[in-house]
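The residues making up each chain are set out below.
Number of protein chains: 2
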Amino acid sequence: MTTHKYDPQFTQAVINATGPKATPRIRQITASLIQHLHDFTRENDITIDEWMAGLELMNEAGRMSDDRRNEGQLVCDVFGLETLVDEITYKLASDAKDEPTATAILGPFYRHEAPQLNMGDCIVSGIESTDRTWMHGTVTDFLSGKPIEGAVLDVWHTAPNGLYEQQDPNQPDMNLRGRFTTGKDGKYNFYCLRPVPYPIPYDGPAGKILQALDRHPYRPAHIHFLIKAPGYKPIVTQIFDRQSKYLEDDAVFAVKDSLIVDFVPYQGDPQAEFELHYNFKMATFEDAKKHSVAGTTTESATSLGSKI
Amino acid sequence: MTTHKYDPQFTQAVINATGPKATPRIRQITASLIQHLHDFTRENDITIDEWMAGLELMNEAGRMSDDRRNEGQLVCDVFGLETLVDEITYKLASDAKDEPTATAILGPFYRHEAPQLNMGDCIVSGIESTDRTWMHGTVTDFLSGKPIEGAVLDVWHTAPNGLYEQQDPNQPDMNLRGRFTTGKDGKYNFYCLRPVPYPIPYDGPAGKILQALDRHPYRPAHIHFLIKAPGYKPIVTQIFDRQSKYLEDDAVFAVKDSLIVDFVPYQGDPQAEFELHYNFKMATFEDAKKHSVAGTTTESATSLGSKI
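If you read the protein sequences in the order shown, they are chains A and B. The opening residue of the first sequence carries number 1 in the numbering used here; numbering runs sequentially from there. The opening residue of the second sequence carries number 1001 in the numbering used here; numbering runs sequentially from there.
Hints were generated in silico from the structure; no laboratory data involved. One or more of the hints may lead you astray.
Just a few of them, taken from the derived set where beta-carbon distance is under 8 Å, the chain B residues facing chain A [as the list claims (entries may be wrong)]:
1. Gln1012
2. Ile1029
3. Ser1032
4. Thr1041
5. Arg1042
6. Asn1044
7. Asp1045
8. Thr1047
9. Leu1055
10. Ala1061
11. Thr1089
12. Gln1167
13. Val1196
14. Ala1212
We put the CB at the ideal spot given by N, CA and C, even for glycine.
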C-alpha cells in the first residue's frame, strides 16, 4: 500500500469488488493491475485531460488494428512490453549447460500460411538487389546436439524500402515470406535479402508516443523466425545484422547479443552476394519445462499463432 | 527498483531511451508508466498468451469506440480509474470551510449540444411513466452563498428501460437531455424522470472483464450533470437516488455520500409524481485553485467537452 493524499480505501474497494467465482489467476492479475494503475495515477496526479489523452491514444490504436496491422501491439513494443513478456515466457534458468536459441519478439507483422517452399528456394520476388543472401544452417536439439527432422522454419523480413509486403501495395502477396521443413539432417537453406533498418509505422499512436518521447522509430536490420518442430517448444526470434545501425537503440528493445550475426561476402554463386550461416537450437517441451522459470506456458508460441 | 529474477537493467534502459526534447511532464509520466507496467508484468510472470489476451481486449475496445460509445472509457471505469482521476483533478483541500458540490465521473454517454430549454420545460419525450419528477434548486457560489447568473446545467439520464437515447433506436434524438441557463436568482427547474438502475453495456471488453471478475454490471439510479458558469470551475457530477439498489456496489465506483438525494412524493402537480430539490455550489477558478490539490488543471472539464 502506498500512502498518499487521496482516499486511502478506494483502491482496496475496487479490488474487493471481484466476486468469489473469479479464477485465482484472474483475481491475482487484476488486483495487481488495479494497484499499479491506481498507484501510477496517484503518484503522478494524473488529471482528467491527461487520462483522456491516453485513453484516446489507446482507442485510436484499437481502431487502426485489423488482420494486417496491430497498432496496440506496437504501442506495447515501444514501451518494451513485448520484449519483457518474451523474457518472462521463454527465459531458461541460468544453470542450463547450454542454451536453446534466444528468443525475440514476434512483432506485429507475422502472417499465417506463408508459402511452403523447398530447400534452396528464394523468398524474394520482383526486387532487384545486390544484397542477395544465401542463408543456411542446422536445427538441433540444444542438449543432445542432434539434428531435428520436420522442423518448420517460418521466415519473414522487409523489402529494401523498409516495408513488409502487407504494408506495400507494390509487393506481391506473401513476398519475402516462406516456410521450410527440415529433413533427417536438420539442415535448411534458402535465398533471401540482407535486410535493412526501417522505421516502425509512425502514423498512429505508437508514432505519437515516440515523437512525444523524442525517440526515433528505427529498428536495426533483422530477419524474423518462428520455428516449430514436433515435441519441441516453438522458438520466436529475430537475427540482427552486426553492421546495422540501431543495434544499441532498437525502437522496440528486441536485440540480444546471441542473435547478432555476420553477413559474409559470398563468391561463386550467381544468386547471392552474401552468405549467412546460423544454427537454431531447440528444447523439447520437457527440457524447456525443466529449465524454465515459473509462469511459462509451454503452449505460448503455438497458441499465439492463432491469435494474431 | 524492484528486485526480481529478470534482467535488472531492462526497465531503466527503456526509460532512458526518452530523448532530451521530451517535456518534463511527459518524461515523468512515461517513466512512471513504464516502471509500473514492467513491475506489474514481472510480479505476475505475465506470459505472452496473457499479454496477447489483454492486448486484444484493448484493441477490441478501441474498435468499438466512436462518437456514440467509448468502450475504452468503460474499461477504465470498471477499474475505478475515471473515479480516481476525478478525485485527483477536482479534490479540494480539507481545510475548506464549505465545499463546492462533489464531482463524479462524466461517463461515456455525454453528448454535446443537448437542446437548450427554458425553465419549467420537460426533457422527457414519448415515455409513459409514473416516476415523473420536478427537479429544482439554486446554483450558488460555494463561499459567498450568492446565486450565480448564467450557469448552464447540462443534464442527462437513461429511459426506464435503462438505455440512453443514443443506445436506443426507439427514443427520439437527444431525449432525456437538456441545457438550462439560470437567471439572476440562480434558480433552475425542469421535469425529468426518477431514474432507474441499469447495467453498463455488457457486450464488449468491459463486459468480458466484469464477467471474468464475477462482478455485476449495474449502476445505481442517477442523473448526470455538467454545470458551467462564467468565471467558475465547471462541475461534472451525478446525483443518486437514496432508495436505489447498487449504491454500495456501483459497477464504476462513482457514488459519494453528498451526492445521494431523496425523491419526495409530490402532490398537486399533474406533471409530476416526485419532487427533487438540489442546490449546486460552484467555486470560482481562483477559489478552486486556492483550495485545490497539486496537479489540478482548472480547464479540465471545459476542454474535456471537446474531447468526447
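Status of each hint after checking the structure:
no.: 1; hint: Gln1012; in the structure: violated (10 Å)
no.: 2; hint: Ile1029; in the structure: holds (5 Å)
no.: 3; hint: Ser1032; in the structure: holds (5 Å)
no.: 4; hint: Thr1041; in the structure: holds (5 Å)
no.: 5; hint: Arg1042; in the structure: holds (7 Å)
no.: 6; hint: Asn1044; in the structure: holds (5 Å)
no.: 7; hint: Asp1045; in the structure: holds (3 Å)
no.: 8; hint: Thr1047; in the structure: holds (5 Å)
no.: 9; hint: Leu1055; in the structure: holds (5 Å)
no.: 10; hint: Ala1061; in the structure: holds (6 Å)
no.: 11; hint: Thr1089; in the structure: holds (5 Å)
no.: 12; hint: Gln1167; in the structure: violated (18 Å)
no.: 13; hint: Val1196; in the structure: violated (21 Å)
no.: 14; hint: Ala1212; in the structure: holds (5 Å)
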